[in-house]
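Enquirer: What follows is each chain in one-letter form.
Number of protein chains: 2
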Amino acid sequence: MEKIKTDILIVGGGPAGTVAAITARKNNKNKKIVLIREKEKGIIPCAIPYIFNRLDSVEKILMPDKLFKTNKIDLLIDKAINLKPAEKKLFLESGKELSYEKLILATGSKPTLIKIKGIDKKGVWTIKKDFEYLKKFRKEVLKSKNIVIIGGGFIGVELAEELSRIKKLNINIVEKLNHCLITTFDEEFVIPIEKKLKEKGIKIYTNTTVEEIIGKDKVEGVKLKTKKSFEIPADIVILSIGAKPNVDLAKKAGIKLGKYGGIKVDKYMETNVKDIFAVGDCAETRDLITKEFIPVMLASTACHEARIAAANLYKKENLLKNDGTLSIFSTFVNGLAIGIAGLNERRCKEKGYNIVVGISESPNHHPRALKNTQDIKVKLIFSKNSGKLLGGQIIGPEDVGEMINILGLSIQKKANIYNLDTLQISTHPLLTPAPTVYPIIVAAQNALIGFENNKKSKK
Amino acid sequence: MEKIKTDILIVGGGPAGTVAAITARKNNKNKKIVLIREKEKGIIPCAIPYIFNRLDSVEKILMPDKLFKTNKIDLLIDKAINLKPAEKKLFLESGKELSYEKLILATGSKPTLIKIKGIDKKGVWTIKKDFEYLKKFRKEVLKSKNIVIIGGGFIGVELAEELSRIKKLNINIVEKLNHCLITTFDEEFVIPIEKKLKEKGIKIYTNTTVEEIIGKDKVEGVKLKTKKSFEIPADIVILSIGAKPNVDLAKKAGIKLGKYGGIKVDKYMETNVKDIFAVGDCAETRDLITKEFIPVMLASTACHEARIAAANLYKKENLLKNDGTLSIFSTFVNGLAIGIAGLNERRCKEKGYNIVVGISESPNHHPRALKNTQDIKVKLIFSKNSGKLLGGQIIGPEDVGEMINILGLSIQKKANIYNLDTLQISTHPLLTPAPTVYPIIVAAQNALIGFENNKKSKK
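Keeping their order, the protein sequence lines are chains A and B. Residues in the first sequence are numbered from 1 upward in steps of one, following our numbering. Residues in the second sequence are numbered from 1 upward in steps of one, following our numbering.
Calculated directly from the structure, the hints in this document are not laboratory data. Wrong hints could be hidden among the right ones.
Which copy? The list can't say, so a pair holds if one copy fits it or any two copies do.
[Unchecked claim] With a Cα cut of at most 20 Å, we get these calculated EDC-like pairs of lysine to aspartate or glutamate: (1) K88 - E270; (2) K26 - E452; (3) K413 - D323; (4) K251 - E93.
In isolation and in its complexed conformation, chain A is listed as follows (with noise of 0.2 Å):
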């Protein structure tokens, strides 16, 4: 049985894994560092949907592992199966053991199943992060003709425009709410994405369940029921409904988990075993705003948490500090893209909170004219009665992907109705909306008035 002393031990490879190694060693020139890997090749998650069309292979969504050699890094291609916090010790599947100093637990998350009659038949399929899983998977798919897309959620929806983009295929998404993407967003936000949808021949089933994966050993159809059951064909069948922490590691370990199954860890991203920390999709996530425990397993907050648990490692004073994570996506689909950072106007109300909502929309360039040039509009949300950002959404061209983070930096800075509302931006004619008509500013302004009329009638 080899034995093998580390400093800081990573168990896990996707971007938590891989950012909390780099992190780790940005931060301590001369420990030894070991990040252990499941799977022979890494890849980035948040590109599996465009493997089919806009990527020609999945060899594309590669993460590239010379990252680990520059930054002296030691890759093991191996299992943890077993870890003794008293001992400070992980036990491979290969027989190695290794020792610890610190642990960073980043064993990502797996795709949520559900029980439906017929669930194990050939043809039926999850969003692995598995690159020779995802390879068969493609093959299948450009292969088949009916694809039957079980979850409107952003995966979904993802895939379903990629997929769209085969001219022989038919696609359908089956969504049991009434809206795809309508967990996160407001209802004018994903009206206009499901209309996008609909425009490339995607059939949306919404308020529907699915009943049967039928078929013989391979799928054929499936079973739906709306108000009234009905049938349509299908050679493959996607689960895309969500995915779980994978705390198996940890569980038996004896680390305490949260709400929702996740490693429960501090503000510092520890756990309730010192020197052991967890980032990522396993770990339990907080609401920035409401404080609440959310299911929110993103690429984004599992790099904001790694970043900060590996700079903590070995920090006395000013520690790292995750206040809780900002609900904040986006997504594109068939040239239109929509953002939200923070709460959506639904869930501000079902928590109760008082609102005022200021609404702008503008050209994204100036003047109108300009080639390529598309409206953008933006919902804003404010406390009605601390003026503070509650949420933003946005939609329309390309430029939304980086005007939520305005939002997203809002909320996190604490951001006002006035500090918007006298924002100084850069504009320019072939970048950005005109300054005369800056939509996050005029929802701001037009929040603005409704919020000081409510000031001034409460007097």
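Fit chain B to the given chain A structure using the hints.
Expert: Just chain B now, with coordinates in the frame of chain A:
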């Protein structure tokens, strides 16, 4: 002599005047608002460089007057020639006499001229915000062959790039400093831009002054001096060396001016005369970071000031404040965008700031194999004492346009090195850099290592 009683009177119909009028209306439902504009037609000033090729007529940059109608703002095409603050009266060229409760001066700026022999020749043009002038200018440019642009600032560079899209033109930029745009950016950001200009066949004469404009009545050439004097042919000479505040009306009325000749204003944008406000290019500007007076004239700054002044007109509490102008700029040249927020490194050093710098570069989409993926480079400058962000520069594709606004907000909300290292962002393969290498965060992380090492070494 017609006498008109107004409540809110605005002089100037550029971006500042227009935004002031609309904001005044949002805040005051029942006031009579009158806006005086000298020219028959208003134009979008930032778009002037793009009237030659990207836009096919000057009509395309007209500012729509319908905004005035929908906001019940009376537009008077006239010239304000005399202001009597003691009587609260404004006199127009037409003979009209206007009284007001609140007056907003948004009289803008005019192009700076230089004393060069031959400057009065036919064929010498400046960048006037004047529809009829621009129409003639466009026509003459399109008929010409050799163009000499004097001044390699934003307008000079943008004009040169736009004109280089017209095949038959020979374009020359004459810049007295060692690089174009070098008063704004650090050297490593302007060199790639100059390369992009040169790729379009544009000749750039740096460290070069203009000695004489040659020709009989009409321009035939320009005599330049780098080390030696030499001549280049020219049909058209364009002066783009800056602008100065247009303060004739204010000065005559005894309103106080400040450094650089702009109208002195307090943080509420009010002049030394009660009930008279000044906004935009005609008002004095103070730097948000250094608190020095700076000669920055931008439409975005103008709109910011206009929103503040117009909201404050009748306010007795919660007045909006102008804490100083953030220098924030962007431009787009032959497929490459650059942006800056705050101070550049050179300026920091001149001002004696003790700084730490972080740099990072990453593809704008992920994985890199996705179509149209380009690199984005971010440079962040933090105070070594306080950790506060003093400035940031970004170069890359169009994404820079909104990304620089993230840095702008960071400075306005006093974000420090820790805030940006733990920034939570939205990422998407088709819209943004990867979460693992998001360049604003990684640049902050890189700077943080230097920042903390510096702290340790002090102990």
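Enquirer: Run every hint past the structure and note whether it holds.
Expert: Quick rundown of the hints versus the structure:
1. Taking the shortest alpha-carbon separations for K88 and E270, only the intra-copy value of 15 Å comes in at or below 20 Å, while the best inter-copy value is 67 Å.
2. In this assembly of identical chains, the alpha carbons of K26 and E452 lie at most 20 Å apart only when taken from different copies (12 Å versus 48 Å within one copy).
3. Within a single copy, K413 and D323 get their C-alpha atoms as close as 11 Å, and across copies as close as 17 Å, so both meet the 20 Å cut-off.
4. Taking the shortest alpha-carbon separations for K251 and E93, only the intra-copy value of 17 Å comes in at or below 20 Å, while the best inter-copy value is 83 Å.
Of the numbered hints given earlier, the model fails none.
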